[in-house]
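Listed here are the chains, written in short residue letters.
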Amino acid sequence: MLFKIAGSIIVILSCSFLGFILSGDCSKRPRQLRELQGLLQMFENQISYLSDIITEAFERIGRVGGSGTGIFFRRTVEILKEGNAPNASEAWTKAVRQCIRTTALNKEDEEILLSFGKLLGNTDIEGQVKNIRLTLGQLSLQEDKAEESKKKNENMYKSLGMLGGIALVIVLL
Amino acid sequence: MIFRIAAIGILVAVLNQLLIRSGREEQAMMTTLAGLIVVLLMVVKEIAVLFDTVKTIFRLD
Chain A
910 MLFKIAGSII VILSCSFLGF ILSGDCSKRP RQLRELQGLL QMFENQISYL SDIITEAFER
970 IGRVGGSGTG IFFRRTVEIL KEGNAPNASE AWTKAVRQCI RTTALNKEDE EILLSFGKLL
1030 GNTDIEGQVK NIRLTLGQLS LQEDKAEESK KKNENMYKSL GMLGGIALVI VLL
Chain B
205 MIFRIAAIGI LVAVLNQLLI RSGREEQAMM TTLAGLIVVL LMVVKEIAVL FDTVKTIFRL
265 D
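Residue numbers (the numbering used here), protein chains in the order written: chain A, 910 to 1082; chain B, 205 to 265.
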């Protein structure tokens, strides 16, 4: 009997834990989208006020960016330094394709980033700034959407985990 | 037995509400169906016993 009670408690606890982990994953995407917007804003400031060249700017942003979305910038610089891409725009495309898996971003976000890359380094400062603004607008729309789905899913995963655990215990007991 | 089935019923009802409220009607129906099947699997043995009892009462064996 004692065995059964202990086992049930363990099953319920682990299922709730699983639910909490999944709901934590839900809140990752809006956070990373916000982070990405901050980094792009930084990039805009650097090219419009400091007139940095793209590798320097990306390096600095990559250093600030941390482990989340900063990886795009770091990877782009790496690809450029290795000489695997003829220009910044292709390096960015490659970096996004390679690193999108390590972030919580989805297909739509990837498309936005790729279309940002198409104009990267192909126009004058004015055009670049406009391109960044456009991307920022799209990303903030995505963020709103992500926030909405987070609100919907976060609570659901939490209670689903615990209730699933209880159901499992009842069926097994 | 009865209490177990009742508990499953309550749980499935709560899960159903939860999933419907977060806009996943299909999964809600699937959980309801899963609960129904689990309960049926639990009950099927008792039904077999009932069937046998009825058969012996009316001497149909």
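It is possible that part of the hints are untrue.
Said to hold, decoys possible - So these bits of chain A aren't anywhere near chain B, every CB distance computed over 12 Å:
1) TYR958
2) SER960
3) VAL973
4) GLU1056
Unchecked claim - Simulated crosslink set (DMTMM-like; lysine to aspartate or glutamate; CA at most 20 Å straight-line):
5) A:LYS990 to A:GLU968
6) A:LYS1061 to B:GLU230
7) A:LYS1059 to B:GLU229
8) A:LYS1061 to B:GLU229
9) A:LYS1039 to A:GLU1020
10) A:LYS1067 to B:ASP256
11) A:LYS1060 to B:GLU229
These are calculated hints, taken from the structure and not from any lab test.
Glycine is no exception: its CB is placed at the ideal position from the N, C-alpha and C atoms.
Status of the hints after comparison with the structure:
In this structure A:TYR958 is separated from chain B by more than 12 Å, as the shortest Cβ-Cβ distance comes to about 45 Å. For A:SER960, the condition that its CB be more than 12 Å from all CB atoms of chain B holds, with the nearest at approximately 48 Å. Remark: the non-interface label on A:VAL973 is consistent with the geometry, its nearest Cβ contact in chain B lying 36 Å away (cut-off 12 Å). The claim that A:GLU1056 lies off the interface holds: its Cβ sits roughly 15 Å from the closest Cβ of chain B, which is beyond the 12 Å cut-off.
Of the supplied pair hints, the one linking A:LYS990 and A:GLU968 holds, its CA atoms being roughly 11 Å apart against a limit of 20 Å. For a cut-off of 20 Å, the pair hint linking A:LYS1061 to B:GLU230 stands: about 16 Å separates their Cα positions. Our distance criterion of 20 Å between C-alpha atoms is met by A:LYS1059 and B:GLU229, whose separation comes to about 18 Å. Of the pairs offered as hints, the one joining A:LYS1061 and B:GLU229 holds, with about 14 Å between alpha carbons and a cut-off of 20 Å not exceeded.
Straight-line distance between C-alpha atoms of A:LYS1039 and A:GLU1020 comes to about 18 Å, which keeps the hinted pair within the 20 Å bound. Simply put, A:LYS1067 and B:ASP256 have alpha-carbon atoms about 45 Å apart, too far for the 20 Å limit, and the pair is violated. Distance hint between A:LYS1060 and B:GLU229 is fulfilled; the C-alpha atoms sit about 17 Å from each other, no more than 20 Å.
When held up to the earlier numbered hints, the structure conflicts with hint 10 and nothing else.
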